[in-house]
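Asker: Below are the chains, spelled out letter by letter.
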Amino acid sequence: MATRLKEVDAVMVGMGWTGSILARELTKAGLTVVGLERGEDLTPRENFALPAVRDELRYSYRLELIQDPALETVTFRHRPSESALPMRRFGSFLPGNSVGGAANHWGGQHWRYLPSDHLTRSHIVERYGAKAIPDDMTIQDWAMTYDELEPHYDKFDKLCGVSGKAGNLRGQKIEGGNVFEGPRSNEYPTPPLIMCESGLMFAKVAKELGYHPFPQPASNASRAYTNSEGLTLGGCQYCGFCERNGCEANAKAGPHVCVLPVLRADPKFTLRARAWVSRLSYDKAAKKVTGVVFTDTRTGEEYEQPAGLVVLSAYVFGNISLLLNSGIGEPYDPVTQKGVVGRNYCYQLSRLGVTLFFEDKVFNPFMGSPGTQMVMDDFDGDNFDHGGLGFLGGCKIQLGHADGRPISYRPVPPGTPRWGSTWKKATAKWYQHAARITLSGSNYASRYNYIDLDPTYKDQLGRPLLRMTYNFVENDYKVADYCMEVALKIARAMNPTMMGPPGLRRGDYNTVPYQSTHNTGGTIIGHDPKTSVVNRYLQAWDADNLFIMGASTFPQQPAYNPTGPVGALAYWSADAIVTKYLKSPGPLVHA
Amino acid sequence: MMHPSIVGAAALLLALSANPAAAADVEHGKVLYQTCAACHTERPDALGPSLKGVVGRQSAALEDFRYSNPMRRANLVWDENNLRAYIQDPQAKVKGNRMPYGGLTDAKDVDDIIAYLKVLK
Numbered sequence: 182m183a184t185r186l187k188e189v190d191a192v193m194v195g196m197g198w199t200g201s202i203l204a205r206e207l208t209k210a211g212l213t214v215v216g217l218e219r220g221e222d223l224t225p226r227e228n229f230a231l232p233a234v235r236d237e238l239r240y241s242y243r244l245e246l247i248q249d250p251a252l253e254t255v256t257f258r259h260r261p262s263e264s265a266l267p268m269r270r271f272g273s274f275l276p277g278n279s280v281g282g283a284a285n286h287w288g289g290q291h292w293r294y295l296p297s298d299h300l301t302r303s304h305i306v307e308r309y310g311a312k313a314i315p316d317d318m319t320i321q322d323w324a325m326t327y328d329e330l331e332p333h334y335d336k337f338d339k340l341c342g343v344s345g346k347a348g349n350l351r352g353q354k355i356e357g358g359n360v361f362e363g364p365r366s367n368e369y370p371t372p373p374l375i376m377c378e379s380g381l382m383f384a385k386v387a388k389e390l391g392y393h394p395f396p397q398p399a400s401n402a403s404r405a406y407t408n409s410e411g412l413t414l415g416g417c418q419y420c421g422f423c424e425r426n427g428c429e430a431n432a433k434a435g436p437h438v439c440v441l442p443v444l445r446a447d448p449k450f451t452l453r454a455r456a457w458v459s460r461l462s463y464d465k466a467a468k469k470v471t472g473v474v475f476t477d478t479r480t481g482e483e484y485e486q487p488a489g490l491v492v493l494s495a496y497v498f499g500n501i502s503l504l505l506n507s508g509i510g511e512p513y514d515p516v517t518q519k520g521v522v523g524r525n526y527c528y529q530l531s532r533l534g535v536t537l538f539f540e541d542k543v544f545n546p547f548m549g550s551p552g553t554q555m556v557m558d559d560f561d562g563d564n565f566d567h568g569g570l571g572f573l574g575g576c577k578i579q580l581g582h583a584d585g586r587p588i589s590y591r592p593v594p595p596g597t598p599r600w601g602s603t604w605k606k607a608t609a610k611w612y613q614h615a616a617r618i619t620l621s622g623s624n625y626a627s628r629y630n631y632i633d634l635d636p637t638y639k640d641q642l643g644r645p646l647l648r649m650t651y652n653f654v655e656n657d658y659k660v661a662d663y664c665m666e667v668a669l670k671i672a673r674a675m676n677p678t679m680m681g682p683p684g685l686r687r688g689d690y691n692t693v694p695y696q697s698t699h700n701t702g703g704t705i706i707g708h709d710p711k712t713s714v715v716n717r718y719l720q721a722w723d724a725d726n727l728f729i730m731g732a733s734t735f736p737q738q739p740a741y742n743p744t745g746p747v748g749a750l751a752y753w754s755a756d757a758i759v760t761k762y763l764k765s766p767g768p769l770v771h772a
Numbered sequence: 007m008m009h010p011s012i013v014g015a016a017a018l019l020l021a022l023s024a025n026p027a028a029a030a031d032v033e034h035g036k037v038l039y040q041t042c043a044a045c046h047t048e049r050p051d052a053l054g055p056s057l058k059g060v061v062g063r064q065s066a067a068l069e070d071f072r073y074s075n076p077m078r079r080a081n082l083v084w085d086e087n088n089l090r091a092y093i094q095d096p097q098a099k100v101k102g103n104r105m106p107y108g109g110l111t112d113a114k115d116v117d118d119i120i121a122y123l124k125v126l127k
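If you're matching them up, the sequences are chains A and B in order.
So the first sequence is residues 182 to 772, counted in this note's numbering.
So the second sequence is residues 7 to 127, counted in this note's numbering.
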């Protein structure tokens, strides 16, 4: 029997970016808030300090900041006809664990989705007609426009001290920034990071070919910056250990640097680490949640935390799992296409690219951050005419040196053996002289890509694991092929000494090599409860005091990385809770 | 336009004649110090030790900060010369210390920061 704790106004399930932001906004509004986190507590001073934090083996290969699959993982299959097997080591994606969540080990690529990404279906129907969308492509509109979300994108920028250069300031296009982005109300909080040689070479050629390269916007502050919470970020030191590692210089934005110091000092907020939420208490008739049940992972004891308001702020998988394991919302069935929870699971097309070798250039790849890359969006989303192309969506195309770390960064020319003295000589010879054009592509929802509960395998608490049914579809291969042609055109124009083979998408999705921790969907936003889990304010259709944060609410995945919109949606939802819901609790949208 | 060698000679003359302490700009040092202040704060969870009163202090002297071993062994007094060398190239001055900072190359900027540290109490 779970020990019943004292009721609080609101409980956060997961203390990464969204849990921290919501906890901050709700305590500011006067609520008492408990933040529950499955993993342990961390502090930058203890956990992100030099020299230990620059340990590639510990963080990139032994995955110290990553969720332990022995406690909870997902099972995987490519298609409904197969039996799924559990992922016993995370590879393709790396969910975070511990206070700060995946923001502890993210790189910092910080985007806003394109205005057309917010209206994916209606934009395509308007431009190409309804027939352009294949039958099994279940894309939807977001339930709010870019312009509605812009003030919240702006707010998140100012929390993170994002570095970059605007390409559209209040409607005015600015050369050198991303001219395809939606209008921004303000310039980036800090200027772009100092660009590396390979990025400049790429930008020069891309521009000569008529494209619009710009510096990668990054939550790696380019200089000291005092954020919207009065907390100070340091200037990036270009150490090359952003992704997978904590930041030793306070320059990479994350809850520990940007929000938590304020929350920890607030008596209205209580943090409980090692508190693993197993289910929500749900009153189906009243359409309310009454609190959450969690297990203290140190003692195994179970507690019930009653709360007036529950915020699901776990990773994508945690959010979906808690709905399915609590009986909230109808599980999605791909055969009948009825049900909503687990629907429109999407990923991101990555591991696409081509490596160039320049005998006469020296790149110093060990210096950099995700922000030291030049990007072009000319073939992203619907920034180009898809008429007659036979696919929808696109890729961002980029080049730079972000993380030339000693174990994983070993570019060698085609034909080099994979081990032995010849390999050693080649890696020593080419380390300084290689650069890779990489592409990240959109991944539009497909009828048979979804998440449900596994019939066989269970987690350490005895709950069914999530089962992922996922594969690339024809549209994805075509996006990659088309954008690769553009990348190769730029590559040849850069006149390298030699080029590697184009890395394309062929065959089934492989869960083993790292691709990106950009899993999306499963509890998506929408206008209609028949095809979505949350309304435009991220409020669950099936429980008006339940709000669901994060990328699990994205109806499909654009080419960009998801953290920027994740933060913007958190502020957008918090604003709706404080200004609308608390004044008059109940459904904020009537379907 | 002046010939570059004349500009160079004038700058050299200025550098030789000016007293760096007198020329140092405390206000400018305070602005530059914002970069340091991202870690060197008074908060208990600060990433760097407090720099209040650091000028003249023994290295690794604060009891509430866990210094790196190289810094503990450095046995320096933070006078102007040691501070200047350390700020210009931290790893050259105390090899293996764990301050994540690459150094400040502009000699005037370094002087300005030191001038600010002198009044930071």
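Calculated directly from the structure, the hints in this document are not laboratory data.
A hint or two may mislead.
SDA-like mimics (lysine to any residue), calculated; alpha carbons at most 20 Å apart, straight line [to be verified]: (1) K605/A x P592/A; (2) K606/A x Y658/A; (3) K339/A x K99/B; (4) K124/B x R63/B; (5) K101/B x T407/A; (6) K36/B x P710/A; (7) K606/A x P515/A; (8) K346/A x P296/A; (9) K764/A x T213/A; (10) K101/B x V234/A; (11) K99/B x Q418/A; (12) K339/A x A43/B; (13) K339/A x K101/B; (14) K605/A x N545/A; (15) K36/B x V234/A; (16) K36/B x P296/A; (17) K101/B x L231/A; (18) K101/B x D236/A; (19) K99/B x K764/A.
A few chain A positions that, by computed beta-carbon distances, are all more than 12 Å from chain B [unchecked claim]: (20) N349; (21) T407; (22) T480.
We treat Cβ as the ideally placed atom computed from N, Cα and C, and that holds for glycine.
Asker: Tell me if the straight-line CA distance from K101/B to T407/A falls inside 20 Å.
Answerer: 30 Å, violated
Asker: Between K339/A and K99/B, does the CA-CA distance stay at or below 20 Å?
Answerer: It is violated: about 36 Å lies between the C-alpha atoms, which goes past 20 Å.
Asker: Does R63/B lie within 20 Å of K124/B when you go C-alpha to C-alpha?
Answerer: Between K124/B and R63/B the Cα gap is close to 11 Å, so the pair holds against 20 Å.
Asker: Can the restraint linking K605/A and P592/A be considered satisfied, given a maximum Cα separation of 20 Å?
Answerer: 11 Å, holds
Asker: Would the hint linking K339/A and A43/B be met if the CA-CA limit is 20 Å?
Answerer: 19 Å, holds
Asker: Within a Cα-Cα threshold of 20 Å, do K606/A and Y658/A meet the stated pairing?
Answerer: Judged against 20 Å, a Cα distance of about 35 Å means the pair is violated.
Asker: Beyond 12 Å from chain B, beta-carbon-wise, is T480/A?
Answerer: At roughly 27 Å from the nearest Cβ of chain B, T480/A sits farther out than 12 Å, so the non-interface label holds.
Asker: Would you check the hint for K764/A and T213/A, treating anything up to 20 Å between C-alpha atoms as holding?
Answerer: 16 Å, holds
Asker: For a C-alpha distance cap of 20 Å, please report whether K36/B and P710/A respect it.
Answerer: 56 Å, violated
Asker: Taking only the CA atoms, is the gap from K339/A to K101/B under or equal to 20 Å?
Answerer: Answer violated: K339/A to K101/B is near 36 Å, above 20 Å.
Asker: Check the hint pairing K36/B with P296/A against an upper bound of 20 Å on the C-alpha distance.
Answerer: Answer violated: K36/B to P296/A is near 42 Å, above 20 Å.
Asker: When you look at the beta carbon of N349/A, is every beta carbon of chain B farther off than 12 Å?
Answerer: Label holds. Min Cβ-Cβ 29 Å, cutoff 12 Å.
Going through the hint list in order, the structure does not satisfy hints 2, 3, 5, 6, 7, 13, 15, 16, 19 and 21.
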